[in-house]
Every structure is written in C-alpha cells, then in structure tokens.
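Protein chains in written order, with the working numbering: chain F, 1 to 222; chain D, 223 to 444.
FYI, nobody ran anything at the bench for these hints, they're computed from the structure.
Watch out, some of these pointers could steer you wrong.
[Claimed, not checked] Once the Cα atoms are required to be at most 30 Å apart in a straight line, the calculated BS3-like pairs of lysine-lysine come out as:
1) LYS389/D with LYS118/F
2) LYS337/D with LYS167/F
3) LYS167/F with LYS389/D
4) LYS337/D with LYS115/F
5) LYS277/D with LYS371/D
There are 2 protein chains.
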Amino acid sequence: MREVFHQSLEDVQTRLVEIADLVAVAMEGATRAFGTGDVALAEEVIENDQVIDDKAIELDELAIEILARQQPVARDLRIVVAALRVSASLERMGDIAEHIAQLTRMRFPERAIPKGLKSTFTKMGEIDVEVARTLADLLRTEDLDLVNKLSELDDQLDALHLSVFEKVLSEAWQGEAAATVDATLASRYHERFGDHALSVAKKVSYLATGTWAADIEGVDAV
Amino acid sequence: MREVFHQSLEDVQTRLVEIADLVAVAMEGATRAFGTGDVALAEEVIENDQVIDDKAIELDELAIEILARQQPVARDLRIVVAALRVSASLERMGDIAEHIAQLTRMRFPERAIPKGLKSTFTKMGEIDVEVARTLADLLRTEDLDLVNKLSELDDQLDALHLSVFEKVLSEAWQGEAAATVDATLASRYHERFGDHALSVAKKVSYLATGTWAADIEGVDAV
Numbered sequence: 001m002r003e004v005f006h007q008s009l010e011d012v013q014t015r016l017v018e019i020a021d022l023v024a025v026a027m028e029g030a031t032r033a034f035g036t037g038d039v040a041l042a043e044e045v046i047e048n049d050q051v052i053d054d055k056a057i058e059l060d061e062l063a064i065e066i067l068a069r070q071q072p073v074a075r076d077l078r079i080v081v082a083a084l085r086v087s088a089s090l091e092r093m094g095d096i097a098e099h100i101a102q103l104t105r106m107r108f109p110e111r112a113i114p115k116g117l118k119s120t121f122t123k124m125g126e127i128d129v130e131v132a133r134t135l136a137d138l139l140r141t142e143d144l145d146l147v148n149k150l151s152e153l154d155d156q157l158d159a160l161h162l163s164v165f166e167k168v169l170s171e172a173w174q175g176e177a178a179a180t181v182d183a184t185l186a187s188r189y190h191e192r193f194g195d196h197a198l199s200v201a202k203k204v205s206y207l208a209t210g211t212w213a214a215d216i217e218g219v220d221a222v
Numbered sequence: 223m224r225e226v227f228h229q230s231l232e233d234v235q236t237r238l239v240e241i242a243d244l245v246a247v248a249m250e251g252a253t254r255a256f257g258t259g260d261v262a263l264a265e266e267v268i269e270n271d272q273v274i275d276d277k278a279i280e281l282d283e284l285a286i287e288i289l290a291r292q293q294p295v296a297r298d299l300r301i302v303v304a305a306l307r308v309s310a311s312l313e314r315m316g317d318i319a320e321h322i323a324q325l326t327r328m329r330f331p332e333r334a335i336p337k338g339l340k341s342t343f344t345k346m347g348e349i350d351v352e353v354a355r356t357l358a359d360l361l362r363t364e365d366l367d368l369v370n371k372l373s374e375l376d377d378q379l380d381a382l383h384l385s386v387f388e389k390v391l392s393e394a395w396q397g398e399a400a401a402t403v404d405a406t407l408a409s410r411y412h413e414r415f416g417d418h419a420l421s422v423a424k425k426v427s428y429l430a431t432g433t434w435a436a437d438i439e440g441v442d443a444v
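Isolated chain F, as found in the complex (with noise of 0.2 Å):
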C-alpha cells in the first residue's frame, strides 16, 4: 500500500512538473508576443491554455483519488492537500500568460506594449519567464535554494511594478489613456504571477520545513 502511494505521489509530481513546464512556455510566448505585437503567437498562448486547464483539473481528480483509496495521514496527507493548492496556482499563472497574451491580441495591429515602457516589459517578461522555469525545477529538484530565487525574482519584480506606476504618473508621461490602461493591466499581470509563483514555493517550503500560514501571507490577491 505505502509503495502504491509514493508511486501515486511521483505521478502527481510528474504532472505539476508537466504543467509547471506548460506554463513556462506560455509565458514565454506571451511575453514574446506582447513584445512584438506578433497576434498569431498571441492566438496560440490563449488556445493552449485550455490544455493547462485540462490537466489541471485531471490532477485534481487523481489528488481526490489518491485521497479516497489510499487515505494518506499526516505529512503524506498534507502533500497531497498541497498538490491541489499548487495546481490551482499553476492554473492562475496560465490563465496570466493568457491574458498578457489577450491585451496583445486586443491592441492589434498596434503594439500592445506602451512607449516609454519598453525595457521595463522586457525585463518583466524575461523575469516572469525565469519564474516559470524555476518554479518547474522546485517541482522537479524540490531544491529549496530555488525558493530564496523566486523570493528575489518576485521582489524584483514588485520593484519594476513601482516603477511603472511612477513612470505613468510622472509628469514625463505623454501615453494616451489607451497606453496607461495597457500599462497598468500589463503591469499588473506580470507582477502577480510572480506572487503566484512565490505561493507555490512557499508551499514545498511548508512541506519540507513545516510551517503552514507563511503561504497566505506573503501573497496578493486578485
């Protein structure tokens, strides 16, 4: 039974990698696209993340499985609880990556990507990329090294959305009402999925460490 059940843990694992790796490619295309202006890449970012979401929910019934047949206790219960908050999280930041890759399709044949802000979404996007491609290593390794990365990646990016904030209400700013929405919105985004990810990290912490409330805490909502 014990051997059943860790065989049902690494086939969890293996899957939030698998969506944790989607979701890097998402990110990826969609800051691509965001970037470029390319609609065509914006259009497949959106269509793919209906697969994030089927494979999230897939992971939730087997989680529910696994907690039905196999009624782990303590830490295993707990890992398994976790799972479930974890795909939630993954899912939100594809719905993320999706909605980057919305604005872009939105703004079309203009660039979604404000004047003036260029090199700060750039620097977003590489960032949440790397996010995304750390957050799957965490999964993968459980190296907890990785969780103080993400740590520093969020905070990074907290700091670029300051700045964009400051660069909007600067007396500098000329962007039109359109170039601020997109700014705030894109802002936005890029922001919170690195609290997304940091939740998740925050998450194998826990369960490799024990303590449970820093989860909510740390994270922004919306």
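Keeping the supplied structure of chain F fixed, place chain D upon it in accordance with the hints.
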C-alpha cells in the same frame, strides 16, 4: 462515526458562512470608503483582512484534520475538498476588498473614485456587496437559485467593467493618468470579486449536481 463526520461538516459550513459574512462586511466598508474617500474606514478594512486570513487558515486546518481522522470518501470527500477551495476563494475576495481600501488610502486626501465614473463605481460597489451577501446566503442555505442570481450579478459586473474601459478610452475622457490607473485597477478589482464568487457558487452547485469542470471554465484568472 458518520454522526461525528456530519457534525464536522456542519462546523466547516458554519465557518465558511462566517468568513463569507466577514467578506461582505469588508466589501461594504471598502466600497463605502472608496466612494467617500473615508481613509479611516479604509484603514479598518485593511486591518481586518488579517482576521479573514486567519479564519481561512483555521478552516484549512480543520478540513485537513477531518480528512486525516475521518477519511471521508465519495461525495463526503468532495465536500471537504470543495471547502478548501471555497475558503481560498473567500480569502481572495477579502484581499480584493483590501485592495480597494488601499487604493482609497493611496489617493488620500484626494478621492480615489475617478471623476465621471462615480455612478459606475457606486453601482459596481453595490453589486459587489450584494454578491458577497448572496454568497453567504448560498453557503448558509444551499439554495441553488442563488447560483443563478450570482451568475446574473457577475454578468452585470462584467458589463460595467467593459463600460469603464469604453469611457476611459473614449475621446471625451479628460482624466489624467492617475485617474486612468485608478479606474483600471478599481474596475478590475470589482469585476474579479464577482468571478471569485461565481467560482464558489459553481463549486456549491457541483456538489449538488455533479459536474466539476464547469468551475475552472467560467472563472477568469489573476
């Protein structure tokens, strides 16, 4: 054992309703503060969000304990797993109320509510409060007619959200960048609040009727 389990489930339900009631109070305060520029009330909402977070964590712990001790299966198991998801959604709804309060505080002594959009945001705020109260009622009574009501309220929020963008992107919009940023964020927050409520409603509906996939489907991310 069955009796103990049903006692535990009632306890879970009571706590969910309690958190939903707190979310309704938070949203009521947040929208009132946003409309009137009442920064003291905004501070109160921000402070009280910790209570919601703590209660959500306690509920999660209770759910995990029920899984461990009573090892429910089939529908009972799904109810407990759903409770974990519902508590996460309620916690996020509380965070949204906090974000609206933070927007109010950030703009003080100015009013955060952008000129020309006062009636729109008053309406969105009223609907969000109704959403929160309806959701608490749904969790209390399990009256599935309330799911349809929440779905209609969410449609109204979506329409108002779109109308904000139409206004902000119209030739007639005279707002400065700060007003555009505020309108964008506030509208997004108000609209997301409805999404989370609908996600909970679908979960409740699923438990009564049986289809799980509907959940992720209709719910927008971030």
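To see whether the hints hold, each was checked on the structure:
At most 30 Å may separate the alpha-carbon atoms for a hinted pair to count; LYS389/D and LYS118/F meet this at roughly 26 Å. Taken as a hint, the LYS337/D and LYS167/F pair is honoured in the structure, with Cα atoms around 22 Å apart against an allowance of 30 Å. Only pairs whose Cα atoms come within 30 Å are accepted, and LYS167/F paired with LYS389/D is accepted, the gap being roughly 23 Å. This hinted pair checks out: LYS337/D and LYS115/F have alpha carbons roughly 26 Å apart, not beyond 30 Å.
Between the alpha carbons of LYS277/D and LYS371/D the distance comes to roughly 27 Å, so the proposed pair stays at or under 30 Å and holds.
Going down the numbered hints, you'll see the structure goes against none, and every one checks out.
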